[in-house]
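Q: Single-letter residue listing:
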Amino acid sequence: MSGYKIALVGECYGEEDAQYNKSFLGKSGAQLNELLGDAGLSRAECYLTSVFKERPRGDDPENFFCKRTEGSVDLSRKALRKGLYLRSEYTWHIDALLDELTQLRPNLVVVLGSVSAWAIMGSASISKIRGTCTTSDLLPGQKLLATFSPREVLRQYDIRYVTILDLQKAFREAATPELIRPLREIWMDPNLEDMERFLEEHLAPSPLIGFDIETAFKQITCIGFASSASRAIVVPFLDYRKPGGHYWSTLEDELKAWDWVRRALGTAGEKVGQNTLYDIQYLWRLYGMAPRNYKHDTMLLHHSLLPEAQKSLGFLGSVYTNEIAWKPNRPRGKHQEKPEDQE
Amino acid sequence: MIIWRSTDDEPSSPALAEQVYNGLDCCVTVEVLEALLPKLTEITGATYDWACRLQAPILEMELRGCLIDKQAIHSVSALYRDQAERIQIQLDQILSEGLGIDPINPGSWQQKNDLLYNRLGLPHVRKRGKITSDRSALEKLSLYYHAETICRHIILLQDLRKKLGFLKTPIGEDGRMRTSFNIGGTDTGRLSSYASAFYDGTNLQNIAPEMRRIFIADPGMKLAYIDLEQAESRAVGAIIWNLFGDPAYLDFCESGDLHTNVARMTFKHLPWTDDMKRNKEIASGRFYRDLSYRDACKRLGHGSNYHGQPPQMAKETRIPVGLVTEFQREYFATFPGIPRWHESVRRRLLREGFITTFMGRNRWFFGRRWDNQTLNAAIAYEPQSAIGDYLNRGMFSVWERGICQLLVQIHDAILIQYPEELEDEIVPAVCKLLEHEVPLMNGRKLVIPTEAATGWNWAYKSEKNPDGIAKYKGTDQRKRTPPVDFLDQLFS
Numbered sequence: 001m002s003g004y005k006i007a008l009v010g011e012c013y014g015e016e017d018a019q020y021n022k023s024f025l026g027k028s029g030a031q032l033n034e035l036l037g038d039a040g041l042s043r044a045e046c047y048l049t050s051v052f053k054e055r056p057r058g059d060d061p062e063n064f065f066c067k068r069t070e071g072s073v074d075l076s077r078k079a080l081r082k083g084l085y086l087r088s089e090y091t092w093h094i095d096a097l098l099d100e101l102t103q104l105r106p107n108l109v110v111v112l113g114s115v116s117a118w119a120i121m122g123s124a125s126i127s128k129i130r131g132t133c134t135t136s137d138l139l140p141g142q143k144l145l146a147t148f149s150p151r152e153v154l155r156q157y158d159i160r161y162v163t164i165l166d167l168q169k170a171f172r173e174a175a176t177p178e179l180i181r182p183l184r185e186i187w188m189d190p191n192l193e194d195m196e197r198f199l200e201e202h203l204a205p206s207p208l209i210g211f212d213i214e215t216a217f218k219q220i221t222c223i224g225f226a227s228s229a230s231r232a233i234v235v236p237f238l239d240y241r242k243p244g245g246h247y248w249s250t251l252e253d254e255l256k257a258w259d260w261v262r263r264a265l266g267t268a269g270e271k272v273g274q275n276t277l278y279d280i281q282y283l284w285r286l287y288g289m290a291p292r293n294y295k296h297d298t299m300l301l302h303h304s305l306l307p308e309a310q311k312s313l314g315f316l317g318s319v320y321t322n323e324i325a326w327k328p329n330r331p332r333g334k335h336q337e338k339p340e341d342q343e
Numbered sequence: 001m002i003i004w005r006s007t008d009d010e011p012s013s014p015a016l017a018e019q020v021y022n023g024l025d026c027c028v029t030v031e032v033l034e035a036l037l038p039k040l041t042e043i044t045g046a047t048y049d050w051a052c053r054l055q056a057p058i059l060e061m062e063l064r065g066c067l068i069d070k071q072a073i074h075s076v077s078a079l080y081r082d083q084a085e086r087i088q089i090q091l092d093q094i095l096s097e098g099l100g101i102d103p104i105n106p107g108s109w110q111q112k113n114d115l116l117y118n119r120l121g122l123p124h125v126r127k128r129g130k131i132t133s134d135r136s137a138l139e140k141l142s143l144y145y146h147a148e149t150i151c152r153h154i155i156l157l158q159d160l161r162k163k164l165g166f167l168k169t170p171i172g173e174d175g176r177m178r179t180s181f182n183i184g185g186t187d188t189g190r191l192s193s194y195a196s197a198f199y200d201g202t203n204l205q206n207i208a209p210e211m212r213r214i215f216i217a218d219p220g221m222k223l224a225y226i227d228l229e230q231a232e233s234r235a236v237g238a239i240i241w242n243l244f245g246d247p248a249y250l251d252f253c254e255s256g257d258l259h260t261n262v263a264r265m266t267f268k269h270l271p272w273t274d275d276m277k278r279n280k281e282i283a284s285g286r287f288y289r290d291l292s293y294r295d296a297c298k299r300l301g302h303g304s305n306y307h308g309q310p311p312q313m314a315k316e317t318r319i320p321v322g323l324v325t326e327f328q329r330e331y332f333a334t335f336p337g338i339p340r341w342h343e344s345v346r347r348r349l350l351r352e353g354f355i356t357t358f359m360g361r362n363r364w365f366f367g368r369r370w371d372n373q374t375l376n377a378a379i380a381y382e383p384q385s386a387i388g389d390y391l392n393r394g395m396f397s398v399w400e401r402g403i404c405q406l407l408v409q410i411h412d413a414i415l416i417q418y419p420e421e422l423e424d425e426i427v428p429a430v431c432k433l434l435e436h437e438v439p440l441m442n443g444r445k446l447v448i449p450t451e452a453a454t455g456w457n458w459a460y461k462s463e464k465n466p467d468g469i470a471k472y473k474g475t476d477q478r479k480r481t482p483p484v485d486f487l488d489q490l491f492s
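In the order they appear, the protein sequences are chains P and D. Counting from 1, one number per residue, gives the positions in the first sequence under the numbering used here. Counting from 1, one number per residue, gives the positions in the second sequence under the numbering used here.
Treat the hints loosely; a few may be bogus.
What the hints assert, rightly or not - Using 30 Å as the maximum straight-line C-alpha spacing, the simulated DSSO-like pairs for lysine-lysine come out as follows: (1) P:K327 x P:K128; (2) P:K82 x D:K130; (3) D:K298 x P:K128; (4) P:K128 x D:K127; (5) D:K445 x D:K298; (6) D:K130 x P:K67; (7) P:K311 x D:K445.
Said to hold, decoys possible - One side only, chain P facing chain D, incomplete, derived with CB under 7 Å: (8) G26; (9) G29; (10) L183; (11) E185.
No lab work stands behind these hints, which were simulated from the structure alone. We put the beta carbon where it would ideally sit given N, CA and C, even for glycine.
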């Protein structure tokens, strides 16, 4: 055990880094110092390392990669992006890094940049995975948090504020080595009795109710209601597991379910949604329903605070909650195909 | 029923995973709200309050949509197709008979690149490092004498195809085109527009004037297109008044024809008189090529207000850089408040990193504060944002009064419809609601005047379009052209 609670992993060495065989010494290092300072961290508290402990040609870490036709590549690892694989001669860097971090065992590894994310988390989609704590099969049991690298910040300065927010979160998360996900309970596949119970016990007394619909084929596929940040119910209507794609076995039951939705929307508690006008259009145009006491929209709220920042729920969740990245887990493919009898 | 807990693994069934996804969306929304509400300040709280209130009129516009004249789509499409065919034939002739080259498909970038760069040997135009033949490249290349005709033909064909593409936009089963407006869609707070939640319709904020012919009033109703006059210029004047107490630019905006007055102050050598009508004639004289003094003041004045630099403005307006520099020297000497305001924005940006508009909207700038790009965005922010808020507040008052139906909002204008027999009551009332007062420093008030045009379709009135909108001067004696039966149209 090293005593470091937090380790920062950069992508590769720059000119000065290569000269002194240390990470984050040059321009990127100076930018990192500023970022850490703005986030309330000090460099001395952090263990600093890099995926590639050498300077790439043209100072571009993508030059550690090539197409299969351009040289010998390591096919045991995922491509950095389509068709771009790690050159075989650099594969030892990854093994060495994973060993280094395994021995170090900090509470949190902060993965800086898309190449580092590829090496440790197996995905280079940094803008999708940034900001949320997670683990990876490549480094079992280790809590990880990805954000942009100082090199990326220097290139695209407007992502700097997100990086600072992520580093502030990293500082909080580094207090413990465990990946602690907020406790939440979701009632799924309910029947009408379950729905009534949820309405009576949780929704009716709640002062604040979050709601959201999912849509496909210009229909509402399911609607969810949260009585608090820790409890929600989801009422499905379209379900490909069932004959004809109908979750409810009879029309009568489906009508009762919609009546329940109307009553849930009509409860006294304040309603909150994200980009709620979209949901309301569906509810109104298809079913003539509207939420009672609709008070808040988180997208508009964040836009009022920071108009230049992203407003998607995935982004807001990554910055303002400890929820893990749940957005990429949305199923795609067959689930969203139209059931046969609905053609 | 299944109760999934966040300590459990993700469900393997896609149907259950979708439910977990939806349930988490609901829970996270509540948690995010609880985290964000305490961050609201007096300023951002007021902005949020307005954003929430605007949802009602916007939802109403989104649900209502605008009636579409399908016969007009048919006839306009036929017209554009004919034009496209004719231009394509001309292009083919120029290429095959004039140059001995095979005809090309202007929709194929490979064929365009090959024609322009290999066959015609024009210098490469690049975009993000790649050779391109997009519209701006074609405009640049059309400056080469031997390529001008070919480039112009290709541009025309591309424009026509774009218009034909718009005419194919799916519309609702009830014959109405809808759009979605996003209150949080821009950094300035202006609304953005895109396809409706039901995947039909499109962005209705940048429909070319001639394409507006297809948007018509419902039976018994009439359209009014009401826009704010010289809105952004007046906002610039208001900012300068608030900052320095300098009334020059705002006075000019409020004194009548702004651009003629600016021309009078800027081009002092011209024989100006005390007669406004005569001055307008003088300002309409030729400044450069087909550009009048008045047009130059409008375009160069607008660019100069937003910190445009002579080389870039010369490139965009095609006015020689020397003339632009001379114009700016005179313009800024006449209105010294403008460069002072630019400098004040630069300082605020460096010192604080945010700008608050006189309508009370705050924006942080995340780009490099010392960068020209960020400075230009910060300068443009206050007037653009303030006008967006000014219009939205007026639009909200119109909606609140319930005297007409809102159809579309277009940055500094709205399109409404109302029972035609009530026109003389409703149009002046709506204009009055839009022309609301905003208090400025030292007791001065900003009121932006409006101009209304009324008719039964959204394009401007012409010989071929007698039902189009025409400037409203207190009354409109026209009657709506009765619809022509489809068969009569076919055989006429």
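Q: Any hints this thing doesn't respect? Which numbers, in order?
A: 3, 7, 8, 9
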